[in-house]
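Participant: Keeping their order, the protein sequence lines are chains L and W. Residues in the first sequence are numbered from 1 upward in steps of one, following my numbering. Residues in the second sequence are numbered from 1 upward in steps of one, following my numbering.
It should be emphasised that the hints constitute simulated quantities derived from the structure, not laboratory data. Certain hints may be false.
Once the Cα atoms are required to be at most 25 Å apart in a straight line, the calculated DSS-like pairs of lysine-lysine come out as [stated by the list, open to error]: (1) L/K117 to W/K257; (2) L/K24 to W/K64; (3) L/K85 to L/K9; (4) L/K77 to L/K9; (5) W/K64 to L/K19; (6) W/K181 to L/K107; (7) L/K85 to L/K117; (8) W/K181 to L/K85; (9) W/K181 to L/K77; (10) W/K52 to W/K181; (11) L/K35 to L/K196.
Covered stretches of chain W (in silico footprint by chain L; criterion: 3 or more residues with CB under 8 Å from a CB of chain L, positions within the stretch not fixed) [stated by the list, open to error]: (12) 200-211; (13) 255-264.
For every residue, glycine included, the Cβ atom is placed at its ideal position computed from N, Cα and C.
Here are the chains, one letter per residue:
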Amino acid sequence: MDNAIVTVKNLTHRFRLSKKTVIKAVDDISFTIQKGEIFGLVGESGSGKSTVARCIMNIYQPTAGEILFHDVNTCDKTAFRQNRKLLQTARQLIFQDSASSLNQRMKVADIIAEPMKINHITPPRGSYREEAAFQLRYVGMDENYLDKYPSEMSGGQRQRVAIARALSMEPELLVADEPIASLDVSIQAQIVNLFKHLQKEHGFSILFIAHDLAMVEYLCDRIGVMYRGKLVELAETAELFAHPLHPYTQMLLSAIPYPDPIRERNRPRMNTEDMIFDTEGTFREIRPNHFVLTKEAAL
Amino acid sequence: MTDQELFTQVGIREEKASAAAVKSKRSLPIFSIAVLVLIILGCLLADVIATKDPAYLDLMNYTKAPNGEFLFGTDTLGRDIFSCIWHGGRVSLFIGFFATLISTTIAVVYGSISGISSDWVDTAMMRVTEIFLSVPGLLVILFIQAILGDATVVSLSVVIGITSWYSIAKVIRTEVRQIRKSEYVIASQCMGGSFLHVLWHHLAPNFISAIMFMVVMNVRSAIASESTLSFMGMGLPLDVISWGSMLSLSERALMTKAWWIILIPGFFLVVLLVCLTNIGNWLRQTANRKESNL
Chain L
1 MDNAIVTVKN LTHRFRLSKK TVIKAVDDIS FTIQKGEIFG LVGESGSGKS
51 TVARCIMNIY QPTAGEILFH DVNTCDKTAF RQNRKLLQTA RQLIFQDSAS
101 SLNQRMKVAD IIAEPMKINH ITPPRGSYRE EAAFQLRYVG MDENYLDKYP
151 SEMSGGQRQR VAIARALSME PELLVADEPI ASLDVSIQAQ IVNLFKHLQK
201 EHGFSILFIA HDLAMVEYLC DRIGVMYRGK LVELAETAEL FAHPLHPYTQ
251 MLLSAIPYPD PIRERNRPRM NTEDMIFDTE GTFREIRPNH FVLTKEAAL
Chain W
1 MTDQELFTQV GIREEKASAA AVKSKRSLPI FSIAVLVLII LGCLLADVIA
51 TKDPAYLDLM NYTKAPNGEF LFGTDTLGRD IFSCIWHGGR VSLFIGFFAT
101 LISTTIAVVY GSISGISSDW VDTAMMRVTE IFLSVPGLLV ILFIQAILGD
151 ATVVSLSVVI GITSWYSIAK VIRTEVRQIR KSEYVIASQC MGGSFLHVLW
201 HHLAPNFISA IMFMVVMNVR SAIASESTLS FMGMGLPLDV ISWGSMLSLS
251 ERALMTKAWW IILIPGFFLV VLLVCLTNIG NWLRQTANRK ESNL
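Throw the hints in and build the complete structure from the sequences for me.
Facilitator: Following this line, the structure appears as structure tokens:
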């Protein structure tokens, strides 16, 4: 595919806990993110979603496999050094916990201007403060917040500040590592709508990690489902929700609550605790643009 | 029995701190600060206050008790102690602050590097500081000073500075270790923040309150080390006037029953050290209270 902004090929990452125990957090996964696309990554806790995000952001050095950003192999140290500036400005990361991703001792204005100061970018709107105020308005906050500290704001406001900080670099790729998981439901809706709005205006790509399927269905163009370090299913949103093929995806979808009590009560319930799914097999295209990890050739 | 007697409420009992305890914890050590400021001002204005040349050996008036002309008397060489106190205070304070500047700088850089680097580099660096810590400080100072040759004010400050950074470095390393994996540090590194940027903007504001107390105490111990060394005759020579070198005359002074030669510089030294200790203690209490408020 020509239009890919990120290509992940056979990515594997292991954590060595001690000499004997090694944890395979991510096991041989491949996918691409297209330009201008919102790619969702879902899965239960510990399935390796955040590890993928951190490998893409070069926080972890993958054990095997490669990640291409445009044509730059970010896992290769010399290629990374040559394109350091591009990689550091064109990719931005948003964390789950906004309280710990903002320095408690810095004011909002300084937090938002920090990436510009690091990369010596002359602010297009005059001063760093003007620029910070602009970005803050852009994510829907008043410029009165410029002189506040993170502890003086609510979780949703802090997450907006974190998003404003990422946006100030005008990135091509935004990696959002569970940006809404720690927020309450009304704020989640605000942030998700903000993402949708920003994506329309800017046209950048987003890797959106979540475990809330309803949010992912609403926001994302394509979805990858992860289970125990493996990518078990990958399809466009409508396709995935209409024809879930992997048993784990089926179980996940069955767990979405419906806002209709009769339908909700009559629904067959799966016991999620004892289920162990097969992670063997190969990744095959079963339906057009719909990939599943399976042993059989046809499902 | 009534219900009231059978049933007593159990809960957190409010413990009221005595008024004196509250006051001593909260209030600024005004007296110590005032005395410290007075001493510093006196030393800065030494030329105005003490009109006599402190280095002038008045051989007609040696070992004179305090009187109208010589307010604090004269020493065995005939120098005016009043002038010596203010001029010598400059040297003592300079050594205190300069040595602390050196040791704090080393500690910040060393502690941050140790805190931010990988596990085994960190272990190696910390073992090195422990080896240094296990050697008596005075011994190392004497050793390095012997290598450097004759002591001057600057060389003595450097020697004291490079032998007194270990414990501050250890505190910084612990603080850095706690926050280096926090997400705002990772975010800053992702944006391309260099080590110095992260150190200055993210790490330093977080450990500064933790080491403030130790830094003030370091000023105190640097002044004390200089006095000890000079008293033992291994620090500043007699012709460089500091409170320590004035005390080194005490041997002869005691034999001539000239109490003022030893008591007056000693008094100033003790008062200065007590003031610094007081301020340091207050800083530590404020820092602790702030952390418990979090």
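Participant: Against this structure, judge whether each hint is valid.
Facilitator: Quick rundown of the hints versus the structure:
1. L/K117 to W/K257: violated (67 Å)
2. L/K24 to W/K64: Between L/K24 and W/K64 the Cα gap is close to 84 Å, so the pair fails against 25 Å, i.e. violated.
3. L/K85 to L/K9: The given pair, whose Cα atoms are some 23 Å apart, holds under the 25 Å limit.
4. L/K77 to L/K9: Holds - the C-alpha atoms of L/K9 and L/K77 are around 17 Å apart, at most 25 Å.
5. W/K64 to L/K19: violated (77 Å)
6. W/K181 to L/K107: holds (21 Å)
7. L/K85 to L/K117: holds (13 Å)
8. W/K181 to L/K85: Distance of about 23 Å is within 25 Å: holds.
9. W/K181 to L/K77: Status holds; Cα separation ~22 Å.
10. W/K52 to W/K181: Answer violated: W/K52 to W/K181 is near 60 Å, above 25 Å.
11. L/K35 to L/K196: Holds, at roughly 15 Å.
12. 200-211: holds (count 4)
13. 255-264: violated (count 0)
Comparing the model with each earlier hint shows violations of hints 1, 2, 5, 10, 13; every other hint is respected.
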